[in-house]
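Read top to bottom, the protein sequences are chains Z and H. Each residue of the first sequence is one higher than the one before, counting from 1 in the working numbering. Each residue of the second sequence is one higher than the one before, counting from 530 in the working numbering.
If you are wondering where the hints come from, they were derived from the structure by calculation, not from laboratory data. Accuracy of the hints is not assured; some may be wrong.
[Unchecked claim] Per label pair, the in silico range of CB-to-CB distance:
hint: 1; chain 1: Z; residue 1: Val27; chain 2: H; residue 2: Leu704; range: 33 to 39 angstroms
hint: 2; chain 1: H; residue 1: Leu595; chain 2: Z; residue 2: Gly104; range: 44 to 50 angstroms
hint: 3; chain 1: Z; residue 1: Asp270; chain 2: H; residue 2: Leu558; range: 46 to 52 angstroms
hint: 4; chain 1: H; residue 1: Gly778; chain 2: Z; residue 2: Ala223; range: 54 to 60 angstroms
hint: 5; chain 1: H; residue 1: Ser702; chain 2: Z; residue 2: Pro271; range: 16 to 22 angstroms
hint: 6; chain 1: Z; residue 1: Pro271; chain 2: H; residue 2: Gly778; range: 38 to 44 angstroms
hint: 7; chain 1: Z; residue 1: Lys177; chain 2: H; residue 2: Gln540; range: 40 to 46 angstroms
hint: 8; chain 1: Z; residue 1: Leu74; chain 2: H; residue 2: Ser670; range: 56 to 62 angstroms
hint: 9; chain 1: Z; residue 1: Lys507; chain 2: H; residue 2: Gly778; range: 38 to 44 angstroms
hint: 10; chain 1: Z; residue 1: Ser419; chain 2: H; residue 2: Met541; range: 44 to 50 angstroms
hint: 11; chain 1: Z; residue 1: Ser419; chain 2: H; residue 2: Leu558; range: 18 to 24 angstroms
hint: 12; chain 1: H; residue 1: Arg579; chain 2: Z; residue 2: Pro473; range: 34 to 40 angstroms
hint: 13; chain 1: Z; residue 1: Ala138; chain 2: H; residue 2: Leu601; range: 47 to 53 angstroms
[Stated by the list, open to error] Which residues of chain Z face chain H? A partial, calculated answer using Cβ under 7 angstroms:
hint: 14; residue: Gly206
hint: 15; residue: Pro239
hint: 16; residue: Thr410
hint: 17; residue: Thr411
Remember, it's a predicted structure, so these values are computed and weren't measured experimentally. By construction, the Cβ of each residue, glycine as well, lies at the ideal position given by its N, Cα and C atoms.
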Amino acid sequence: MKSLLLRTAFALGTLFALNAAAYADPVMGGTLRFARNTDSEILDPVLNNANADIWILTNLYSTLILPGPDGQSLVPGLATKWSASPDGKTYTLTLRQGAKFADGSPVTTDDVIWSLNRARNPNNGIWNFLLVSIANVAAPDDHTIVITLKNPDPSIPAALATFNSAIMPHKLFEAAKGTTDTEKANNFALHPIGSGPFVLSSWQRGSKMVLKRNPYYFGTDSAGRHLPYLDEVDLTIVPDDATRILQLQAGQIDATEFIPYERVKELQSDPNITMDLFPSTQVTYLQLNAMPTLKDGTPNPLSNVKVRQALNYAISKKAIIQVVTHGLGTPMHSYLSSATPDYYGGDGPAYPFDMAKAKQLLKEAGYDKGFTLTALAQAGKANDTTTLTMIQQMWAALGVKLKIQQMDETTLDNHRNSSDFQILSAYWTNDIADPNELTDYAAYYPNIKSQYSGWKNDEVDKLFEQSQTELDPAKRTAEYKKIQQIYVANAPEFFLYETPFAAATRKTVIGFKQSPLGNDIFDEAYIQK
Amino acid sequence: MLARLPGRLLQMIPTFILIGVVVFVLIRLLPGNPAAALLGIHATPEALARINAQLGFNRPIWVQFLLFVGRLLHGDLGISVSERIPVTEVIARRLPVTLALVVMAAAFALILALPLAFVAALRQNRASDVALRGVFQVGLSTPVFYIGLLMLGFLGAQLHWFPVGGIGSGFWSGLYHLILPALTLGVGLAAILMRSLRSTVIGVLRAEYVEFARAKGIAPWRVLTGHVLRNSLITTLALFGLNIGTLLGNTVIVENVFAVPGIGGLLVEAIFGRDYPVVQGVTLVLAVMVSIVFLLTDIAESWLDPRLNS
Numbered sequence: 001m002k003s004l005l006l007r008t009a010f011a012l013g014t015l016f017a018l019n020a021a022a023y024a025d026p027v028m029g030g031t032l033r034f035a036r037n038t039d040s041e042i043l044d045p046v047l048n049n050a051n052a053d054i055w056i057l058t059n060l061y062s063t064l065i066l067p068g069p070d071g072q073s074l075v076p077g078l079a080t081k082w083s084a085s086p087d088g089k090t091y092t093l094t095l096r097q098g099a100k101f102a103d104g105s106p107v108t109t110d111d112v113i114w115s116l117n118r119a120r121n122p123n124n125g126i127w128n129f130l131l132v133s134i135a136n137v138a139a140p141d142d143h144t145i146v147i148t149l150k151n152p153d154p155s156i157p158a159a160l161a162t163f164n165s166a167i168m169p170h171k172l173f174e175a176a177k178g179t180t181d182t183e184k185a186n187n188f189a190l191h192p193i194g195s196g197p198f199v200l201s202s203w204q205r206g207s208k209m210v211l212k213r214n215p216y217y218f219g220t221d222s223a224g225r226h227l228p229y230l231d232e233v234d235l236t237i238v239p240d241d242a243t244r245i246l247q248l249q250a251g252q253i254d255a256t257e258f259i260p261y262e263r264v265k266e267l268q269s270d271p272n273i274t275m276d277l278f279p280s281t282q283v284t285y286l287q288l289n290a291m292p293t294l295k296d297g298t299p300n301p302l303s304n305v306k307v308r309q310a311l312n313y314a315i316s317k318k319a320i321i322q323v324v325t326h327g328l329g330t331p332m333h334s335y336l337s338s339a340t341p342d343y344y345g346g347d348g349p350a351y352p353f354d355m356a357k358a359k360q361l362l363k364e365a366g367y368d369k370g371f372t373l374t375a376l377a378q379a380g381k382a383n384d385t386t387t388l389t390m391i392q393q394m395w396a397a398l399g400v401k402l403k404i405q406q407m408d409e410t411t412l413d414n415h416r417n418s419s420d421f422q423i424l425s426a427y428w429t430n431d432i433a434d435p436n437e438l439t440d441y442a443a444y445y446p447n448i449k450s451q452y453s454g455w456k457n458d459e460v461d462k463l464f465e466q467s468q469t470e471l472d473p474a475k476r477t478a479e480y481k482k483i484q485q486i487y488v489a490n491a492p493e494f495f496l497y498e499t500p501f502a503a504a505t506r507k508t509v510i511g512f513k514q515s516p517l518g519n520d521i522f523d524e525a526y527i528q529k
Numbered sequence: 530m531l532a533r534l535p536g537r538l539l540q541m542i543p544t545f546i547l548i549g550v551v552v553f554v555l556i557r558l559l560p561g562n563p564a565a566a567l568l569g570i571h572a573t574p575e576a577l578a579r580i581n582a583q584l585g586f587n588r589p590i591w592v593q594f595l596l597f598v599g600r601l602l603h604g605d606l607g608i609s610v611s612e613r614i615p616v617t618e619v620i621a622r623r624l625p626v627t628l629a630l631v632v633m634a635a636a637f638a639l640i641l642a643l644p645l646a647f648v649a650a651l652r653q654n655r656a657s658d659v660a661l662r663g664v665f666q667v668g669l670s671t672p673v674f675y676i677g678l679l680m681l682g683f684l685g686a687q688l689h690w691f692p693v694g695g696i697g698s699g700f701w702s703g704l705y706h707l708i709l710p711a712l713t714l715g716v717g718l719a720a721i722l723m724r725s726l727r728s729t730v731i732g733v734l735r736a737e738y739v740e741f742a743r744a745k746g747i748a749p750w751r752v753l754t755g756h757v758l759r760n761s762l763i764t765t766l767a768l769f770g771l772n773i774g775t776l777l778g779n780t781v782i783v784e785n786v787f788a789v790p791g792i793g794g795l796l797v798e799a800i801f802g803r804d805y806p807v808v809q810g811v812t813l814v815l816a817v818m819v820s821i822v823f824l825l826t827d828i829a830e831s832w833l834d835p836r837l838n839s
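Start from the sequences, fold in the hints, and give me the full structure.
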């Protein structure tokens with residue numbers, strides 16, 4: 001009895017201590033030293049095209065609506081509330097009173113109108129397609145913004161929470177050196193002023209970027225404390241994975257991202273390091289060409305759905321996940337990642353390994369004597385070549401010979417964008433918390449021939465068009481379920497795996513997060529003494 | 530040599546023009562273009578046309594070349610496609626780092642190779658000679674990035690004698706940060722120089738004029754520095770000059786491992802990103818640097834061996 005009492009007391013005590021630690025006050029101030037593998041190119045929300053830009057931009061700029069902590073929900077940003085008209089063609093947003101840019105000037109409706117018009121201008125950058133449904137942005141008074149749409153668009157709130165819809169200071173931008181928008185943008189992006197948690201303080205290209213706390217940032221934590229906690233974030237550029245990890249172990253930096261999968265276990269057992277595996281929208285797969293003939297005119301067996309299914313069945317995802325991702329990946333159930341809104345994974349993993357079925361399907365397709373395929377991979381990407389080499393051996397059992405060709409990224413893109421390929425290594429990360437970006441890219445033919453595969457399914461095209469204006473969330477979910485089922489059944493790609501974002505911090509770092517879209521989130525991070 | 534200097538300098542001009550033309554054409558022969566690299570998977574034909582027009586890469590190649598030459602004569606290398614700032618600014622920021630790295634690496638190589646080659650030559654085939662040659666053989670055959678990682682792991686992360694990569698802030702901190710990368714870069718060159726110098730010294734030691742100097746009763750150390758060193762250095766110097774180009778090439782790997790923001794890494798990024806203006810600018814600057822090194826080598830050689838002047 002006595003021991004039970006003691007044990008209960010001990011358990012209660014531990015529970016209390018744990019609770020106290022979880023709710024401990026964050027440490028204010030301090031500098032977080034974070035190493036990245038590559039530098040940003042242009043810190044402009046509209047004209048950027050690289051993840052290294054996007055993932056930092058969200059620290060410098062705020063959007064009207066912000067992605068929630070799960071990366072799928074939406075929470076108030078520079079707009080405190082928003083509502084849609086019953087016909088879904090008008091959105092009314094209330095601008096946050098007292099919101100300021102990092103120089104102390106107020107965020108006005110003029111800034112909002114100008115920023116959104118700049119972001120949706122088809123001549124500006126590559127992201128304007130996310131706002132293509134907007135017909136007009138207006139402000140009936142100083143704190144109301146009315147967005148009129150050409151057609152109902154359920155993804156508009158998510159688009160307003162995406163980096164390219166960031167609100168920029170109109171007057172400061174116009175005051176930047178240059179005559180055209182591009183020239184002004186290039187100069188403004190060297191000293192950008194936004195209303196995000198941080199502001200750029202200095203930037204030595206290729207080596208270091210210093211972000212300082214924005215004292216005017218509107219964000220607060222759950223206890224009402226002003227964010228961010230940190231005074232400064234130092235972002236250094238360290239391209240080599242092994243060097244970044246050595247720096248972390250030596251305490252030269254506090255945190256870093258892109259930990260190679262083979263190093264995760266080792267860092268998990270390091271007492272000084274927290275190894276984070278953040279849910280991500282990253283999927284790794286092989287794109288394929290489903291057209292009857294290849295660009296050079298030779299007949300293409302992959303145009304036969306049974307051949308595509310057979311080859312999908314003949315890939316042991318389990319083996320690839322084990323070897324390439326060291327067990328950190330999970331098999332894909334859909335072309336969408338499981339962290340995407342309206343993801344449907346209810347039918348289980350796509351094409352679980354089944355060699356007998358693969359042989360049967362190939363026989364039915366009349367290809368049981370085998371054939372030769374060619375896959376393109378990016379040179380220097382060891383994971384891609386390992387995956388293809390493994391698949392080469394798996395497919396050999398079907399009499400299918402796989403040739404692997406390596407090339408640099410731009411050459412590979414060139415082959416992809418002109419449909420001059422048979423198979424190629426690919427991966428995808430969403431930029432918007434909505435399933436429509438990848439669906440438009442991979443499944444919807446009229447855009448880019450279903451990621452240049454030439455695969456066309458009228459029902460998918462129709463369902464996608466419906467879903468793009470569908471205002472009933474339940475109906476939209478049902479449309480996406482059907483699209484994903486048809487896609488998987490037709491196998492216009494070779495499904496491989498999903499992976500988390502692997503980031504590591506010193507044990508002293510609390511609260512650093514990476515969103516499923518990849519954005520590095522520093523506003524609730526602090527360094528424990 | 531000094532009399533021939535203006536001629537040599539004039540000779541360099543056609544070399545630069547040739548390099549300019551070759552680089553200008555070669556980079557455009559690679560599949561893809563700056564717009565394609567910028568747009569990646571978003572490269573629809575319309576987007577490609579729009580961006581190429583914005584950047585001026587839709588003009589005929591000869592028009593682009595004339596514009597490039599015209600700007601070059603005004604000291605303008607164009608605007609970087611990826612960084613959107615003048616190429617001269619990009620190079621001015623990155624070049625000093627690489628120059629410092631290469632100069633330090635060359636100095637380390639000479640400091641290591643000269644005394645050790647003499648020790649090895651004078652103690653030919655004895656234990657110390659065999660050991661030194663063994664060590665340098667290993668240095669020569671180990672990949673540069675691996676030497677770098679070993680140094681970083683042991684001297685940096687374990688012993689904390691040196692920073693684990695990066696460039697620090699300020700001049701002295703910068704030099705301190707460059708010690709390990711320069712050593713890594715210098716070891717390979719030291720091995721090459723030491724092997725050559727050792728065998729030359731052995732040859733020179735057997736030469737008649739050395740025997741004669743010794744017979745005249747000149748002090749042994751004066752024979753070594755005055756006769757042997759000077760005559761052995763001629764071939765080693767030529768080898769040193771030739772290898773500066775290789776050293777510049779290896780900076781790509783070393784800069785990557787040690788997170789040094791130099792010109793080597795810049796060139797590789799620019800080629801992958803089809804950043805034509807940066808590729809052209811960096812290649813020209815590197816060509817000028819290598820030509821200057823060759824010229825300096827020639828001057829030093831003719832000083833060491835006045836016969837070359839006749």
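Unmet hints by their number, sorted upward, for this structure:
5
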